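Engineer: So the chains spell out like this:
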Amino acid sequence: MAKKAYADFMAQAYTMELEATERYAQFAEQLDTHNNREVADMFRKLSQIEALHAKRILEEMGWPSLPALPAAFAWDEGEGPESAPLDAIHYLMQPYHALQLALQCEQRAQKHFERIAGSRAPKKVRAAAAEMAGEEREHVRLIEAWLARVPQPTADWDEDPDPPRMSE
Amino acid sequence: MNEPAAAALVAKDFKSDYKPIWCPGCGDYSVLSSITKALAILELRPENVAVVSGIGCSSRIPAYTTCYGFHGVHGRSLAAATGLKVARPDITVLVASGDGDGYSIGGNHFLHACRRNVDLTYIVMDNHVYGMTKGQASPTTEPDWDSKLAPGGSGVREFHPLVIALASGANFVARAFSGDPNGTAAILVEAVRHPGFSFVEILSPCVTFRPDQRSWKERAHPAPVAPTDDPARAARRIMTDDGFNIGVLYKGNRKPYRGSVPATGTVAGLGRRFELRGG
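For the protein sequence lines, the chains are A and B, in the order given.
Position 135 of the first sequence, counting from 1, maps to 135 under this note's numbering, and the rest follow consecutively.
Position 146 of the second sequence, counting from 1, maps to 146 under this note's numbering, and the rest follow consecutively.
Wrong hints could be hidden among the right ones.
[Unchecked claim] Interface residues of chain A toward chain B, partial, derived using beta-carbon atoms under 8 Å: (1) Glu-22; (2) Asn-35; (3) Glu-38; (4) Ile-57; (5) Leu-86.
[As the list claims (entries may be wrong)] Here are the simulated distance ranges between beta carbons: (6) Gly-152(B) - Asp-158(A): 24 to 30 Å; (7) Lys-19(B) - Leu-147(A): 58 to 64 Å; (8) Pro-151(B) - Pro-64(A): 54 to 60 Å; (9) Arg-149(A) - Gly-152(B): 48 to 54 Å; (10) Leu-52(A) - Lys-255(B): 49 to 55 Å.
To be clear, the hints were calculated from the coordinates, so they are not data collected in a lab.
Keep in mind the model is a prediction, meaning the values are calculated, not measured.
Beta carbons: idealized from backbone N, C-alpha and C, even for Gly.
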């Protein structure tokens, strides 16, 4: 029973990382289309980082590299806690905005794992959740440090005298 | 000797290398992701699936998949898809459309596709606006939606696609929300598996021309009751809900229409039937 709960928890964690990987990759594509290469590259990097996390879970569990889709989970908010909302991006966004988004995702992931670590789940699940919460805390710290190194946008960052789409 | 079993495919195997050119934040990105997830869950292979579309933002989807695709004439996706499914019943046919392409330009095809009940899955990405042509009111736009192109609103009552689908004979009716890609994928899986004409209306915000639709994520909620096979009950529920009930709402038992023309064995054989003869 506890073994199954642990496998389910790890599958859920894997799904969360995979969904975050896909979302950042989607964002990179969207900003490539708008020639915002700097932020597109940043999202690609974030996607690669999440993919590494997902891969590590597979390795830990000894699951094949291309597994069948894990069992579907019904997330409380429709999407995994580490997935940035689809409508959160802007074609003129700057690295600062991208990192702010990533920071919020990591914070949500940290809270998610902390909640499980403090729940009545089997001991092995709680221990794994606590470990993952610790990792997410470290990611939060890294992103905060990264954020401190990028310039803050000016108030008119989204002003465009000739926007690509507008009602005529 | 038996052929080795093909490896199971994952969602990304159904996504092509073409980069979507929707606006950043468009709900259609999420719908594309749900479609590819659903095809992986269904254990289909790209060569056994066709995605047919008309014109509009949502109709770009065939190019973004690795399946067979047909990007057809405005509003006529269902006509092309019906022909394809009747000729090749072995292929899984998905049809992608939007509220303009599907309910206005293709409105009449919509009615008769529901009535015919061919085994298709019709996915309509509804954002209540013509996005590609820069924000005109569509058949599902609220009458009081104020915009530069319709100051004070169009004043025209909106179309109710789910009730119309039901009244016209659709065998499966569901509403999904692009903000829940996994839930949408699950609904699409059910829609494809259900025999006959399956209609899935996906609320897919247009964040460019309808930024107010960002609030849909707060409004969408799971349907509180299980689907029914009673069309009258389903109609009453759909007519009285808040428009944000998400889930399968109706699953009927009508026998799908399979056509009366015997399937032609080869492409050459099909070509011979269209040969012009005479002196």
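Engineer: Hint by hint, note whether the structure agrees.
Structural biologist: Hints versus structure:
1. Glu-22: At 7 Å from the nearest chain B Cβ, Glu-22(A) passes the 8 Å test, so the hint holds.
2. Asn-35: Given a least distance of 12 Å, the restraint on Asn-35(A) is violated.
3. Glu-38: violated, 15 Å
4. Ile-57: Since chain B brings no Cβ nearer than about 16 Å to Ile-57(A), farther than 8 Å, the hint is violated.
5. Leu-86: Given a least distance of 5 Å, the restraint on Leu-86(A) holds.
6. Gly-152(B) - Asp-158(A): 24 to 30 Å: Since the Cβ atoms of Gly-152(B) and Asp-158(A) sit about 28 Å apart, the hinted range of 24 to 30 Å holds.
7. Lys-19(B) - Leu-147(A): 58 to 64 Å: violated, 28 Å
8. Pro-151(B) - Pro-64(A): 54 to 60 Å: At 59 Å between Cβs, range holds.
9. Arg-149(A) - Gly-152(B): 48 to 54 Å: Given range 48 to 54 Å: holds, Cβ gap about 49 Å.
10. Leu-52(A) - Lys-255(B): 49 to 55 Å: holds, 51 Å
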